[in-house]
Structure formats: C-alpha cells, structure tokens
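Protein chains: 2
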Amino acid sequence: MAAIQKEATSADEIFKEFKEHSISEFFRKNSQMLGYAGKVRSLTTIIHEYVTNSLDACEEAGILPDISVEIKEIGENKYSIKVSDNGPGIPQSHVGKALAAVLAGTKFHRYMQQRGQQGIGAAGCTLFAKITTGKPIRVKSSTGKQAFSCDITIDIKNNKPLVTEQEKIEPTFRGLEIAGEFGEVKYENSDHGVLEYLRRTALSNPHCSIRLVEPDGKEVSFPRSVSDMPKRPKLIKPHPLGIGTNDLLEFAHRAESRKVSSFMIDAFSRVTQNKIDELRAIAKDVDFDKNPSQLTWDDAEKIVAAIKQVKWIAPDLDSMSTIGENQVSAAIKNILNPTFMSVVERKPKVFRGGIPFVVEAGIAYGGNAGKSGTQGAEGNTLRFGNKVPLLFDSSACAITEAVKNIDWKRYSIQKFEEEPVSVLVNVSSVYIPYSGVGKQAISQEEEIIDEIKLAVQDAGRNLQRYLHGMKTRSVQETRYKMIMRYVSQLAGDLSEITGDKREEIEAKLKALIEGKYKALFEAPKEQVQEE
Amino acid sequence: MAAIQKEATSADEIFKEFKEHSISEFFRKNSQMLGYAGKVRSLTTIIHEYVTNSLDACEEAGILPDISVEIKEIGENKYSIKVSDNGPGIPQSHVGKALAAVLAGTKFHRYMQQRGQQGIGAAGCTLFAKITTGKPIRVKSSTGKQAFSCDITIDIKNNKPLVTEQEKIEPTFRGLEIAGEFGEVKYENSDHGVLEYLRRTALSNPHCSIRLVEPDGKEVSFPRSVSDMPKRPKLIKPHPLGIGTNDLLEFAHRAESRKVSSFMIDAFSRVTQNKIDELRAIAKDVDFDKNPSQLTWDDAEKIVAAIKQVKWIAPDLDSMSTIGENQVSAAIKNILNPTFMSVVERKPKVFRGGIPFVVEAGIAYGGNAGKSGTQGAEGNTLRFGNKVPLLFDSSACAITEAVKNIDWKRYSIQKFEEEPVSVLVNVSSVYIPYSGVGKQAISQEEEIIDEIKLAVQDAGRNLQRYLHGMKTRSVQETRYKMIMRYVSQLAGDLSEITGDKREEIEAKLKALIEGKYKALFEAPKEQVQEE
Numbered sequence: 231m232a233a234i235q236k237e238a239t240s241a242d243e244i245f246k247e248f249k250e251h252s253i254s255e256f257f258r259k260n261s262q263m264l265g266y267a268g269k270v271r272s273l274t275t276i277i278h279e280y281v282t283n284s285l286d287a288c289e290e291a292g293i294l295p296d297i298s299v300e301i302k303e304i305g306e307n308k309y310s311i312k313v314s315d316n317g318p319g320i321p322q323s324h325v326g327k328a329l330a331a332v333l334a335g336t337k338f339h340r341y342m343q344q345r346g347q348q349g350i351g352a353a354g355c356t357l358f359a360k361i362t363t364g365k366p367i368r369v370k371s372s373t374g375k376q377a378f379s380c381d382i383t384i385d386i387k388n389n390k391p392l393v394t395e396q397e398k399i400e401p402t403f404r405g406l407e408i409a410g411e412f413g414e415v416k417y418e419n420s421d422h423g424v425l426e427y428l429r430r431t432a433l434s435n436p437h438c439s440i441r442l443v444e445p446d447g448k449e450v451s452f453p454r455s456v457s458d459m460p461k462r463p464k465l466i467k468p469h470p471l472g473i474g475t476n477d478l479l480e481f482a483h484r485a486e487s488r489k490v491s492s493f494m495i496d497a498f499s500r501v502t503q504n505k506i507d508e509l510r511a512i513a514k515d516v517d518f519d520k521n522p523s524q525l526t527w528d529d530a531e532k533i534v535a536a537i538k539q540v541k542w543i544a545p546d547l548d549s550m551s552t553i554g555e556n557q558v559s560a561a562i563k564n565i566l567n568p569t570f571m572s573v574v575e576r577k578p579k580v581f582r583g584g585i586p587f588v589v590e591a592g593i594a595y596g597g598n599a600g601k602s603g604t605q606g607a608e609g610n611t612l613r614f615g616n617k618v619p620l621l622f623d624s625s626a627c628a629i630t631e632a633v634k635n636i637d638w639k640r641y642s643i644q645k646f647e648e649e650p651v652s653v654l655v656n657v658s659s660v661y662i663p664y665s666g667v668g669k670q671a672i673s674q675e676e677e678i679i680d681e682i683k684l685a686v687q688d689a690g691r692n693l694q695r696y697l698h699g700m701k702t703r704s705v706q707e708t709r710y711k712m713i714m715r716y717v718s719q720l721a722g723d724l725s726e727i728t729g730d731k732r733e734e735i736e737a738k739l740k741a742l743i744e745g746k747y748k749a750l751f752e753a754p755k756e757q758v759q760e761e
Numbered sequence: 231m232a233a234i235q236k237e238a239t240s241a242d243e244i245f246k247e248f249k250e251h252s253i254s255e256f257f258r259k260n261s262q263m264l265g266y267a268g269k270v271r272s273l274t275t276i277i278h279e280y281v282t283n284s285l286d287a288c289e290e291a292g293i294l295p296d297i298s299v300e301i302k303e304i305g306e307n308k309y310s311i312k313v314s315d316n317g318p319g320i321p322q323s324h325v326g327k328a329l330a331a332v333l334a335g336t337k338f339h340r341y342m343q344q345r346g347q348q349g350i351g352a353a354g355c356t357l358f359a360k361i362t363t364g365k366p367i368r369v370k371s372s373t374g375k376q377a378f379s380c381d382i383t384i385d386i387k388n389n390k391p392l393v394t395e396q397e398k399i400e401p402t403f404r405g406l407e408i409a410g411e412f413g414e415v416k417y418e419n420s421d422h423g424v425l426e427y428l429r430r431t432a433l434s435n436p437h438c439s440i441r442l443v444e445p446d447g448k449e450v451s452f453p454r455s456v457s458d459m460p461k462r463p464k465l466i467k468p469h470p471l472g473i474g475t476n477d478l479l480e481f482a483h484r485a486e487s488r489k490v491s492s493f494m495i496d497a498f499s500r501v502t503q504n505k506i507d508e509l510r511a512i513a514k515d516v517d518f519d520k521n522p523s524q525l526t527w528d529d530a531e532k533i534v535a536a537i538k539q540v541k542w543i544a545p546d547l548d549s550m551s552t553i554g555e556n557q558v559s560a561a562i563k564n565i566l567n568p569t570f571m572s573v574v575e576r577k578p579k580v581f582r583g584g585i586p587f588v589v590e591a592g593i594a595y596g597g598n599a600g601k602s603g604t605q606g607a608e609g610n611t612l613r614f615g616n617k618v619p620l621l622f623d624s625s626a627c628a629i630t631e632a633v634k635n636i637d638w639k640r641y642s643i644q645k646f647e648e649e650p651v652s653v654l655v656n657v658s659s660v661y662i663p664y665s666g667v668g669k670q671a672i673s674q675e676e677e678i679i680d681e682i683k684l685a686v687q688d689a690g691r692n693l694q695r696y697l698h699g700m701k702t703r704s705v706q707e708t709r710y711k712m713i714m715r716y717v718s719q720l721a722g723d724l725s726e727i728t729g730d731k732r733e734e735i736e737a738k739l740k741a742l743i744e745g746k747y748k749a750l751f752e753a754p755k756e757q758v759q760e761e
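Chains as they are written, first to last, in this note's numbering: chain A, 231 to 761; chain B, 231 to 761.
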C-alpha cells in the first residue's frame, strides 16, 4: 500500500458528495430495468403491469375477471391509457401506497402463487407517467360498498404517494379503474406489442374476458372460454428443504412460539413432532427447547444441515395453479390451429432445495405454428411465468435456454429454426426467480432448465411419432401410386391368360391393394395427446 | 363491471396483508438480480464489486492503483475473501452506509464517468455475506492521517448499517481492506471465473497493478504496464439535449438562481445568454425571468421542445475517459498475440439526445484470438463498460447485438463463429444504461448499437484488407512456385540456343522472377492500424 501521488484527493473531500437515494430515484434513472426501454416495449410494460394486477386481484377475491383496456393517442408518442376491471378494488386507506410507493404491496412477503410478486409494477407506471408527462394517474375504485376517486402521483425523492382530489362517488360498480397519460410510448401491432401481449394473456388465462380498444378505435375482444374459476392462490408455509440458515434465523427471531421445536412445527410445512425428534438426533448440540429468539447462526446452520439428512414429504402442491392441459390444448388449437399438437403437464418439482414449481409444455406443428420468417415458418417459443406472457429478453430466459439445448433431430425436427413448430412453456411457482426487476426472463437455474427440457422432450416424443408416421405415410403413398400404375396392365394380361373379365380382375386387384394401404384413406386422427 | 361471485374476498381482507419493504429485503429475496446466480458467478460478482470500487476510488483520488485479492476455501462452497487497495480509504463517519446501505454512495447523483454508478455493489456484498454465512465484513481503512478497523453488517429490514468493534489503528498504510466470509460460492478457473475477470480488468486498466492469491496458494500477478494516470473523472453539467421535461422541472425546483434564464445557464453546459435569447424567441409564452421554483410542467415542456430546435455545440467530451488506442493495442498483443489487429477509437457521440458516450473497438485475428471451441477457434467478443469487463448476460447486451448484426462476409470472415477472431468493445459514458441491476449487459438502445457497429466495421475494413492480402499472397505464391519449377528447364534450353552458361541464365531468370514477386519475400508488416 504505497504509491500515493502528491495531488491525491482525500477521502473526506470525496465523501462530501455522499448521499442516500430512494428506490424511486433509482428506477427513475434506470427505468429501462423496469421494462421501460423503447417506446413499444414501454407501452406493453404499462398494460402488462395493470392487467397482471387485475388478474391477481380477481383471482384472490374469487371473481371471474372482465378486463378492459383503452388506448388513445393524444400527441407525438403520447397516449392516454385506461384499464378497468371488476375486481375487489383497493381500500381508500391503501390506494396511495399500492399505486405510488415502490416495494409496497400485499404480495412480496407472502408465500403464494401470484403473477405479481414484488410490489413494483403499478408504482413503476405511476413513476413513468410522472417522468414522461408530469401527470398523476386518475383512479376510481369501488369495493362494492364504498367508492371513491382520486389523483395519485409519486414523490420520487421520498418514494411516497401524493394523493389529491379525493372524492366519494356512488358505488354503482365494483372494481378498479386506472387512467393515465404516458409519454415516450408507441402503439404498434408487433410481436412485442399490446395486442400480442393480450392475445397471449387470453391464451394462458381462458377464464378471463379481455377487451381492447386500439388507438384507431377498433375494438378487439378475447371472450372467456371457460367459466370455472382457477383455484384461488393459497398461502402455504415454506418447506424446510427450501430454508437457508439466514431464513431460519430471521423466522426464529420474529417467532412468537416459546420453543424452537414448536416454532418450527408452526412456521414450516411437513415439520411434525416426529421430524423434530429426528432433527434432534442429528443436530445433537442444538437445544430445541430454548426460545427461538435465542437461536444463533451456529444453531441454525446445524439445523439446516440436519434438515438435509432427514426424509421429507414433498412440498404442498395444492398451492400450484397451472393453466391446465385442456386449456392449453384448447388455446393452441384456437390460436395456432396446428396439424399436430401434444401437451404435457409435469409433476411438481422443487428448486433451491424446497421451492415448488410446475412446468407445462405444449408443442404445435403445422398449421399456423411457428412464426413467419423470410423463408417460411420458423420455430418459436411462447414463454409464460405464472400464466403471464413473457415477450421480452428471451435470450436470457431459462425457457429459451432449455428449448435451445434440446436435440431436435431426435424428435424428427431437422432444424428448429426452420420448421413450422411452436413450443409453449408455462412455469408456475410461489416464487419465480426472474433475472431482472422487469420480470421478463426466468433466471437460468439448472433445476428449472432441466425440468423444462424434460417437459418439452415428453411432448416431443409424441411429435416424433407423428412426424415419423408422416414419413412412413409418404413412403407408402409413393409405393401405392407405383403399384396402381401397373394394375391396369396386369389386369389385361391376367384376363388374357385366365379368360376372366378384365374389369373384374382390375376391381379385385384394386380392392386388394387398397386394403393393404387402407391407412392412407383414413383422415389423419386428431393428434391431441396428453400424458 | 359485474359478475361478482358470492364468496368473493373483500379488498379490506386482502389489504390486511399490505406491507412496505426495504430495498435490502427486495435484493435479499432476489439476489440473482444483483449477479448472485450460480456459485461461480456469485464469487466473481463479489470480486467485481470490490475491485470496481477500488479502481474508482483510486482514479478519483489520483492514485495509481495496487489491488490485492486473496481467496481461501474455508468450507464446502464457503470462501474467505480479502480485497485491499492503496486508495483514499473511507472516512469513519461514512463507512457503515458506504458498505451496508443499498442505494447510498457518492456516485449515483453525480454526472461523472465512473465504473460504479448505483451505490448498490458493496452493500450487496455485505448483504450476501450476511445471508450466506451470517458474518459481518471486517474493514480496515486509513485515509493517511487516521485509520480504524470495524465490523459491518446490514440490518436488512431497515436497509441500515450495523457497525461494531470500531477501533483506532495505526495509520501505517493508506487504503481500504475488506475481508469477508461468503457461502454459496465456488472458485473455478473458467471463462466466468475470477481469474478471467481480473485478466480482463488488467487488460482494460493497464495503469493498475493486480495481485491474486488463488485458493490453492498460487499467486498470479498482473503488473502495471503504463504508469500514466488515466484522466481523473470530471464532474460535468448535463447537456440541454439530454434533458427531459421532468428533469428540467426537478432541477428548476431545487435551483437557487433567481431567474429561469440564469438557472439554465448555471445548471447546464453550453447554455449562454445568446442561447437563452434563441429559446425565448421560440418558446414565446414562457417567462424566462420568473423564479425557477415557479416553472410549470407546461413551461418545461415548451422549453424542452425549444431546446430541440436550437443548434448546440456537442456535449463536453473532456469527461470521457477511454482505455486508449495504444493501451488497447498493447493489451491485445500481450494477451492474444494475433497475426493481425486493428484498433479504432471513434469520436464521442450522444444517446437519448444528450448523454455523451464513446466507443472503442479492436479486432484481432489469428494467434490466440477467438476462443477454443470443439472444432478449432471460434469468434468471441470481449465486452467492457467504462473499462469494466462484462462476463455475464452477453446475449442481452448491445455489444453482442451489434457484433451479431455485422455482415462479416464483407470483411472476409465467412462465419464469425468459426474463425480465430476476437472483437473487443469498450463503451464509456457518464451514464451507461445497463439492462439490469447487476450491470452485466448494456441496454440495447439503437443509438448505442449503431455506434458500436460503426466502430467494429471501421476496424473490420482493415481486417478485410489484411485477409484479402493474405489471399492474394497465397495465389501469387502458387504462381511463383509454378514458374520456378520451369526455370531450370528453361535455363538449359536457352543455354543450348544461345551458348551462354546455363548457371548464369538460371541466376538471371531467378532474379527476374524474384523481383516480380518480391513482396513475397518481405516479412509481413506489423498490422496495427489506428485511425
């Protein structure tokens, strides 16, 4: 530690500039990290955040969602956006923070499968409205009994809501309506645009009815295709295998139980008195009878190590809410109308030791499957996380990585990029490890990638059978045509030899050959296979 | 807004669970967003954060950096890490927040080119130590006059530092030493490992001396290769073209000037009284004489629109600190020892209307260029942001995107993936728009991608000339050999006809031919070209 130059600036001088910043200031400066990068993407991000919140709210409240999105152009790269739902609404006491404080909400800390999980999205929209048009968002909410309207904007420096123009209104409706004006956005009908986002949302949420009014006034509707409510999300307790030392300590120090043992039975799933006894036998130094507030890092580390040696029943899987095989099939048929499809729902698995997740995968081939490229259809991947379409950052996503690493030749696909094939993957979990705050890509964790690969491969096996069948069929067709060419000639020759009528012989021969190749004359079977 | 099911849960019930969370809690749950994803990457992230801070601190203080990194294995996937520098140190009054409060620091709000720009990195390390080993980090700091040591950890719930064991020590050194224990990490010698990270850091920071002690005790040194200090980062004023309406308003409302006009001259670069007059002539409704605190969104919007119509001198480019052409050439030669290279530093450009940035690019061909693949060398890209190597998330990066979109055939490269070629790109700016909090990929903004493409294409033109020359040379070599084969025969025939000595004729013929092909006998020129 030497070599100081004479004119060195002192630490005190440098640290004169030391300041603390709010999370809102951070995202104001780095709004691209929230998905506000590029005008088209920014508009989709806004719709994504509001629609996701509406779907979650309806699901938690047990309401079949009716969502309406209206987009109007009001200036150069400036749009007004209105999103309304028939959900439970937001109580007046919480509306400010729910919509204008980053990292505030009901979802972040709960172990429950929901689309949102961070408490950033809606506040991010309010922030984006403020920095691009300076306008507050206008909110109407009715919980059924009470209704109000107000304007909300965000105090960026302090990450606090500013609520004004509060007014009671008649509770003639139930739900939430948010209207805002946004700059630096653009409506475009593309792969990354709002229409495609809503189309895919409808695909993965068939219980939902969505209506879009485009800037040119055209109305697009995605009607509800099933009227069963999806399972309500269920609060579950964490599985012991998913608990790290620090988690265990933090839980323990906040616990109200009197003993470590009862705290663990209470706080985690699958922990019984018997299991505590097994843990005691392994982590002999740890006093399971002391107050959980007394638990040390060392204790916790020993308990976590012991947990890994005990056999546990798998995590509670009731918490999992998937799209469902029938819905996925119906959606694929509806949108891609393929000549073949195969849909698979795997059994739930865990990652990071104890976080449960489920993968659903579908493969569609032919028809409108794939996306149109310069030289015909190209393979594409439709990604979903907790039923939310992921349109951006595909290259960074575990789903893309899994699909890329599949040896497609084994499934009779010569080049994935050059065939009319679509792969749909939905990952469901109480916690999806997104790689960025904008939640557009699932972190490439090995266990998740492996499970996605298995799911797609399962579906791929059916595809292989189908494409192999297609090939066999085409070979047989050629043979059939070749033989039929000789039938007439052969019938004549035989007629001369036997003296039988040529027409009769020809008819018999034809019947014989057609019988052998009869598979060729049947309409191809509906190829929906589910395992 | 209808269709409420009977058993709907009320908003009040749902919002009972409403909570606010600290940014530390957010990153505790989503540590993968900071780069803590995978054991090898997590270890590299820790080193990256500390080394980056050391380099910035030394640069700001005007000190040639000596950085030492020691890594020891202390358990399964557990390592102790010590990073020390000869920088200015941290004052005792700020050390807690500097190292254990997310979003606190000296860099976030300053318009100055530095490696760090967020105030997240070091606090993220402290957080990661806490959640993986429960241990505080141990700090020794000396500002030259005063020195102290202490333990620091983070109160996650409140995003506050907890500083203990504070002690005065002898100021026998100057600099900062941070030691910590980290779990869920792994030392590995790979493309994404610490050694490669430091190798590339040395490459882009030739004024720096780096020493690494690997877990097996082996010491690796990257000595300083130039002893000129890079330019000290300079605080600059924002250029008016980079100012949005919201920025202008926020600046105005915090300003101490008495008039809008004097505030603007004071706060932004290139704004003079003349320019104010031009703006007045365009934004006629705006009163430039009123107090800046009275500026409305409407005023600001009009001023921003007017700014776009006025001609401005380009942003101040003194703020830019690049690696430098000579350094890049020396580094490439040193590390890749290629048969050809070409280095280009472009003129500074602006993105988003007014944020200045500079791109440097180098292409190396042959020798150790490219990375070794299964079938020989494969093209690769070495990415840097403000001289910091970017090892992860390459597919999401503007640099990768630019290199991918170059028509390499035009530069005599048939397939970039299959030739021994390395492309080095460094983007420098007071603000680099990273796509994620982990700062491993530059957001794919069009202006940045375009400029990177131009830089690589510039360097590519020299490559094209070289590879084309190689081809010409090889054709000529074949011809030369063919002709030489006949010389002996021809000399004999001519000798018989003319009666001259065969040897003499042969020597003359050889000289004639060698003269024509003399280019073949010269050593290939050093192909370092700078434009």
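Calculated from the structure, these hints are not laboratory results. Remember, predicted model here, so these are calculated numbers, not experimental data. Check each hint, because a few of them may be wrong.
The list treats identical chains as interchangeable, and a pair is accepted whether it falls inside one copy or across any two copies.
Derived DSSO-like pairs: lysine-lysine, alpha-carbon spacing no greater than 30 Å straight-line [stated by the list, open to error]:
#  : residue 1 : residue 2
1  : 645       : 563
2  : 541       : 416
3  : 645       : 541
4  : 416       : 683
5  : 387       : 259
6  : 461       : 563
7  : 308       : 538
8  : 259       : 467
9  : 683       : 246
10 : 467       : 370
11 : 269       : 634
12 : 634       : 259
13 : 748       : 683
14 : 308       : 365
15 : 711       : 489
Handout entry: Those earlier numbered hints the structure runs against, lowest number first
Key = Going through the list in order, the structure violates hints 3, 9, 10, 13, 15 and respects the others.
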